[in-house]
Structure formats: C-alpha cells, structure tokens
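Throw the hints in and build the complete structure from the sequences for me.
Chains Z and H are the protein sequences, given in the same order.
So for the first sequence, our numbering puts the first residue at 74; every next one is plus one.
So for the second sequence, our numbering puts the first residue at 74; every next one is plus one.
These are computed hints drawn from the structure, not numbers from a lab.
Keep in mind it's a predicted model, so treat the numbers as computed, not measured.
For glycine and all other residues, C-beta sits at the position ideal for the given N, C-alpha and C.
A couple of the hints might just be wrong.
[Claimed, not checked] The calculated BS3-like cross-link candidates involving lysine-lysine, where the alpha carbons are at most 25 angstroms apart (straight line), are:
(1) Z/265 - Z/325
(2) Z/86 - H/293
(3) H/324 - H/386
(4) Z/293 - H/86
[Stated by the list, open to error] To spell it out: a stretch of chain H is covered by chain Z in this simulated footprint if at least three of its residues, at any positions, have a beta carbon under 8 angstroms from a beta carbon of chain Z; those stretches are:
(5) 162-175
(6) 202-212
Protein chains: 2
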Amino acid sequence: MFNAQNINSPEVKSDQSVVFRIYAPNAQEVRITGDFLPTEKVTTPYGEADAPIKALMTQDQNGLWVYETSALAPELYSYSVIVDGYETTDPNNPFYIRDVASTKNIFLVAQDFAADYAVQDVPHGTLAHRWYDAPGLGMDRRLTIYTPAGYEQSGQEYPVLYLLHGAGGDEEAWMTLGRTAQIMDNLIAQGKSKPMIVVMPNGNVIQDAAPGAGHQGYYKPQFMMPKTMNGEYEASFPDIVNFIESQYRVKKDKAHRAIAGLSMGGFHAMHISRLYPNTYNYVGLFSAAIMPRADQDAAGVYQNIDQTLAVQKANGTALYWIAIGKTDFLYQANVDYRQKLDAMNMPYVYRESEGGHIWRNWRIYLREFVPQLF
Amino acid sequence: MFNAQNINSPEVKSDQSVVFRIYAPNAQEVRITGDFLPTEKVTTPYGEADAPIKALMTQDQNGLWVYETSALAPELYSYSVIVDGYETTDPNNPFYIRDVASTKNIFLVAQDFAADYAVQDVPHGTLAHRWYDAPGLGMDRRLTIYTPAGYEQSGQEYPVLYLLHGAGGDEEAWMTLGRTAQIMDNLIAQGKSKPMIVVMPNGNVIQDAAPGAGHQGYYKPQFMMPKTMNGEYEASFPDIVNFIESQYRVKKDKAHRAIAGLSMGGFHAMHISRLYPNTYNYVGLFSAAIMPRADQDAAGVYQNIDQTLAVQKANGTALYWIAIGKTDFLYQANVDYRQKLDAMNMPYVYRESEGGHIWRNWRIYLREFVPQLF
Numbered sequence: 074m075f076n077a078q079n080i081n082s083p084e085v086k087s088d089q090s091v092v093f094r095i096y097a098p099n100a101q102e103v104r105i106t107g108d109f110l111p112t113e114k115v116t117t118p119y120g121e122a123d124a125p126i127k128a129l130m131t132q133d134q135n136g137l138w139v140y141e142t143s144a145l146a147p148e149l150y151s152y153s154v155i156v157d158g159y160e161t162t163d164p165n166n167p168f169y170i171r172d173v174a175s176t177k178n179i180f181l182v183a184q185d186f187a188a189d190y191a192v193q194d195v196p197h198g199t200l201a202h203r204w205y206d207a208p209g210l211g212m213d214r215r216l217t218i219y220t221p222a223g224y225e226q227s228g229q230e231y232p233v234l235y236l237l238h239g240a241g242g243d244e245e246a247w248m249t250l251g252r253t254a255q256i257m258d259n260l261i262a263q264g265k266s267k268p269m270i271v272v273m274p275n276g277n278v279i280q281d282a283a284p285g286a287g288h289q290g291y292y293k294p295q296f297m298m299p300k301t302m303n304g305e306y307e308a309s310f311p312d313i314v315n316f317i318e319s320q321y322r323v324k325k326d327k328a329h330r331a332i333a334g335l336s337m338g339g340f341h342a343m344h345i346s347r348l349y350p351n352t353y354n355y356v357g358l359f360s361a362a363i364m365p366r367a368d369q370d371a372a373g374v375y376q377n378i379d380q381t382l383a384v385q386k387a388n389g390t391a392l393y394w395i396a397i398g399k400t401d402f403l404y405q406a407n408v409d410y411r412q413k414l415d416a417m418n419m420p421y422v423y424r425e426s427e428g429g430h431i432w433r434n435w436r437i438y439l440r441e442f443v444p445q446l447f
Numbered sequence: 074m075f076n077a078q079n080i081n082s083p084e085v086k087s088d089q090s091v092v093f094r095i096y097a098p099n100a101q102e103v104r105i106t107g108d109f110l111p112t113e114k115v116t117t118p119y120g121e122a123d124a125p126i127k128a129l130m131t132q133d134q135n136g137l138w139v140y141e142t143s144a145l146a147p148e149l150y151s152y153s154v155i156v157d158g159y160e161t162t163d164p165n166n167p168f169y170i171r172d173v174a175s176t177k178n179i180f181l182v183a184q185d186f187a188a189d190y191a192v193q194d195v196p197h198g199t200l201a202h203r204w205y206d207a208p209g210l211g212m213d214r215r216l217t218i219y220t221p222a223g224y225e226q227s228g229q230e231y232p233v234l235y236l237l238h239g240a241g242g243d244e245e246a247w248m249t250l251g252r253t254a255q256i257m258d259n260l261i262a263q264g265k266s267k268p269m270i271v272v273m274p275n276g277n278v279i280q281d282a283a284p285g286a287g288h289q290g291y292y293k294p295q296f297m298m299p300k301t302m303n304g305e306y307e308a309s310f311p312d313i314v315n316f317i318e319s320q321y322r323v324k325k326d327k328a329h330r331a332i333a334g335l336s337m338g339g340f341h342a343m344h345i346s347r348l349y350p351n352t353y354n355y356v357g358l359f360s361a362a363i364m365p366r367a368d369q370d371a372a373g374v375y376q377n378i379d380q381t382l383a384v385q386k387a388n389g390t391a392l393y394w395i396a397i398g399k400t401d402f403l404y405q406a407n408v409d410y411r412q413k414l415d416a417m418n419m420p421y422v423y424r425e426s427e428g429g430h431i432w433r434n435w436r437i438y439l440r441e442f443v444p445q446l447f
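Right, dumping it as structure tokens:
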C-alpha cells in the first residue's frame, strides 16, 4: 500500500530526463499533460490552437502510474495530471504556479541558462509586498518590489525597472511565473546586470491586489477583467513612480528609469512611455499586445499616438526593445507596429525568438533585456 | 460540456453554507475531505488518530459532482477531493496552502472573529522576504518580516515579536497557514494591538529557506528534518535578533521584545527565552512541544533547565502565556511543564482551548496573544 507522501514525483534525473509517478489505484486511465510534451491542434472557443498532448501513463508492477521523458531541454516546466478525465495536480509535488485561474505543478531542469531561474548560493535581494496610495484610481493598492542585495546598507541610489504583467496576471506574476527575483539575483551576482530595483505593480485597475491578497477576498480570476486596457492605468501610472521615488533610494531621472511589460504589459509600457515621453530611457515590449483601441474611456489616453511617439523619438531613448516569438498570435500586430516606427524613423532593437505567447519567452526576454539597462 | 474554468467551487454562500462542484465525467466515485467535516478514527503508522471523514459527493442532473454543507462556523478551512481513490485538489479553486508536503485548497468563512483572517479595507503592513547572515549556522538564511502600516514613514521605533513555526514549517508557515499579516493588520486597525514588527524566521537549521525558496531547490519537505531540536537554533538565535536590531527601527530592550511559537516553535521559544533570560518580556508557548531532550548535541543548550528558568523567573516577565487544546497530543507534556513552573512559583497565564494540535488553534492563540503585548 502506498502512502502518497512517500512517492517521488517528479524525479528530475541528472541526465535531464524526468519521471512522474501517480498513485491512483482505481483509475481506468491516467494521462499527463504539460509544456514539456509535443503539441497537437485542438479546437477551443476561440478557434484552433496548439496544446500539449495528453500522454498516457502506464502502470508499473507496483500499481503506480508512471511516465518517463527523454532528456529535456533546460527550462521551468509545468504540468497537470488527468485521472479518468479529471484534470488536476500531482499530490506528490508541493510546488505550484497559478496562471490566471489555473494552477499547475512545476519543475525545473536547471542546466545552462535555466540555472538563472534557480535560487543559487549568491547574495539575495529582498522581495516585499507593499501597499501604496493610488489617488488616480481612488484606492490603496499592492505592489511587489525587488531591492537588490545590499540595498538596505549601501546608502547608494539605484536605477529602477518598472516591470508590467499581462492580462490575467497581477503583481505576483513576474515573481512566480517570471522568476524575476532569481533572474535578478543571478545576473547581478554574475556581473551581467547592474544592481537595480524592480517594481512589479498590478495593472488591473479594478483590483487592489492579486486574487486572495486584496479586499475582494477569494474569487476566481479571469483573463480580461472589466476596464482592462481602457487607459486608466496608463493615466495613473505616475502615482506608482511618485511612490517609489519618495520611498526608496533611487535615481530620479530619465537615465535611470526603465519600463517593460509582457502582452498587455507591453501595451501598457508602450503607451506609458509615450504619454510621459521624457521619463523612461529604456523601454521593453515583450510580445506586446499592440493594437488600436477604439474606446476612449480614459479621456484621450489612446489619442494622438503618432504625435506623442514623435515627441518620444525626438527626446530619444537609450533602448527601445521589441521582442516576440515567431508563432505568437500578436506577431502581425508587432510587424505593423514596427512598420509604423520604421516609417517615422524611430530607432528600436528587434529580437525575434522561437515559440509563441508563453512565459518561457518572457523569462528569456527579461534575462536578455536587463543586462542592457543603465 | 463543462469547461473546468467555468465552474464555481467552492461557493461560500451568505448563510455560511458551502457548495463544492467537481467535474470528473468518467469517475465512479468522488469524495471530499476537509477540516469542516466530522472526524472518524483512522489507523496511521503512528497509531489511532482522528481524521475528517471522506464524504461522498453526488452527481447532479448535469453530471457535476456536488457536495453542500450546512452553515459552517467562521474559520479558514482546507479540503481535498478524492476521485476514484486519487486524492488531490479542486482545479476550480486557485487558492492553496502547503502544510509540510501536502497542499490543500482553502476557503474562508469570514464572519465573526474569522473576519480578522481576511484582507480588510484597512491600512496594510509590508511583508518582506529578506536574507540575513547567520554566522552561528554558517549560512545566509531567509526570513519573513512584517512591518506595520506606516513603518516606512513614521520615524518611530517599534517593538518586535519573534514568531516561530513548528516542525515541518518554515519561514512561510505563519504567513500562509497562520494569516499573520491579516491578523496584525486588522488588530492594529481596530486599536486592539500596538503596531509592532513581526519576525518569522526559519527554525530548521539544515535549511537556508523554505523548500523551493533556497539553494536546495525543489524537494519534498518532511516533518522532522535532521538536526531538528538539537539546540543549534536556540544557540544561534541572537544572530536573528542582532540582524533585526541593526536593520530596523526597533526598541532594543527587553520591554519591547516578545517571542512566541507553536509546537516545535513553542519548544524553541521556551528554551530561547530561558537561555537569554533577561531578553524577552513576553513569552508565548502555543501547543508547545515541551519534552525532555536526551541528546546534547549543542553543547549544553538543554542542560541546567531548572537553574536558567529560575533566573528567568527572578528577572521577571510581563507575560508568560501557555496555550493548548484539550485534545492535543502534547496536553500531558504541558501539564507536566506547568507543574514544574508551579513548583518553582514561576508566574504564567494558562489558556486551554477546545481541539487539538491544529492551525485553527494557533491562529486563535496569535489573535489572543498579540493584544497583550507591549
């Protein structure tokens, strides 16, 4: 008889193969699915999409359901288990990440570049959940702040990266799915990046904090919340910058401010850096959801785009970095945006990767973007 | 056809009843178990114990497995789902707590005293994960620090509560299972507690941080780790106090220091307060694992108990608070310890609650202990 607590799953072996073991004694069929598996075409309410296959597990002589991979490329992977059609988690793996409303188990093949996603024996920054007053949105709101190792004692002033999440994310996403603290600790320890403060705010203007962490209590998050990308966030963003610059030892000039974001956060970074066109010297658009906005809820935030971009161009940026995967559903929108920038001779650096609209790419982009800052 | 993302589970109704809904189309039998259910006697490797029943769910006309409770008493509850013998999580509930190696879904019936476990619309303190140098243990280690709302701007000095976890816990346990940030925010906002800093260190001397947060990477935690309660933690505890008192605006005298802990942490609080017998004016032993230690690994930490207690008694404490549940397996050990204190006329306050060795009690004890401090 198995005690579920005594099963080793997943077992990441030294050759980078992984074994999963599931105790489901009465199940007829157990499958595993996750981003380490090949994909297949599936039909979704939004059309055809690629999804990982649901691989059959097989019962060993002890009755355990087992699946063993070949050697996996270095990466932070996630997976689910499907027992007789019930898709849920592996009870032997206590490590989880929530993405919007779905929670999956994770494991790390920490070789090569993915070693930067692990906690290494290097000096560690401090990660704080803190609340700030957002008069522009009429509430107190929570954000996550990474201060680099030594911040508390150095007496020095630091540059700041504002790092924005996508639709469905919140102030926890870059920390959990994005491995920001680990990437920053490791890049700084390796001398590849300058010590900097990383501010991860919440970009959903109807939330004061991530689900479960705010006054709305526990509720199931959804992908596109009311008021998403209606301009209010961009218009109120100076509340965040003012808070950081009044509360932390930071360098308060354009040369020492960067803003970057993924998907909706890339959209936010594009618009915020253009609305305040002499504020950010470094701009990162990761798989940015750049598309025309017909609605004008927020009194002109999405008007005069060409004019404000021209001002931003005239003021200059040290780096305007655009990254996207070849199969991203936003690929064409980014082609169109680059054509607009080309037509106005606005300089930018373009990085095209494999893959689509996934966290794997956003971790890679962060790890490439940060060493270019300050 | 159900999309798992569109199911509402658990639904906490206004009358405090709760409905759980599980989509497991091919399952023969689905059960739910959790601490809101009555208990039954079960046989474990450690003898007979009380465990929640595994209640049958029933299929409704749409094929969803459903279980509805009667009105539940206010509390933070946890539960698991068992599909054809596979015990795991509810995929429609994105809120989890890990306890040692097992992860369960949670929900909150936030009436009455349990409203203090919810995030209310009150000023919020800052919660930080920070690393400190522990020369006594030869490593950098992580701890969790709660600073009350206003700390950063007030310029004032604050008292400090050192709050210790039990065996199997770590520097995250009081924050996740213990709801410390919510309890502190709410008690302070209600004027019931003084603003204070709460320091939650890691009491497992082989860990630098919680599983997954330290350099050991992802591994399955266990209940009693090597070197647990061998005296090294108590002996090295001044490293933590020195760090806090050099890094935060705190009042550095006995009158403004408190130490409390649950189970193993109660054992630690008892021994630390006795070893440094004029350092802590407030001591809280929550279901403390007070038992004789035969081993003497740490050069005398567990020797001379009577003599050091006598010194602690002579120096005096403002509060020596002992709390335990009537059915706790450590009940008799605490009777014995109180008899020792009685025999030496050492003053203490005793609080006996219903229930056993469970987090429900430790949250209640924290909420009662903190208003008595400073």
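Self-check item: Structure-inconsistent hints, enumerated in ascending order
Solution: Structure breaks no hint.
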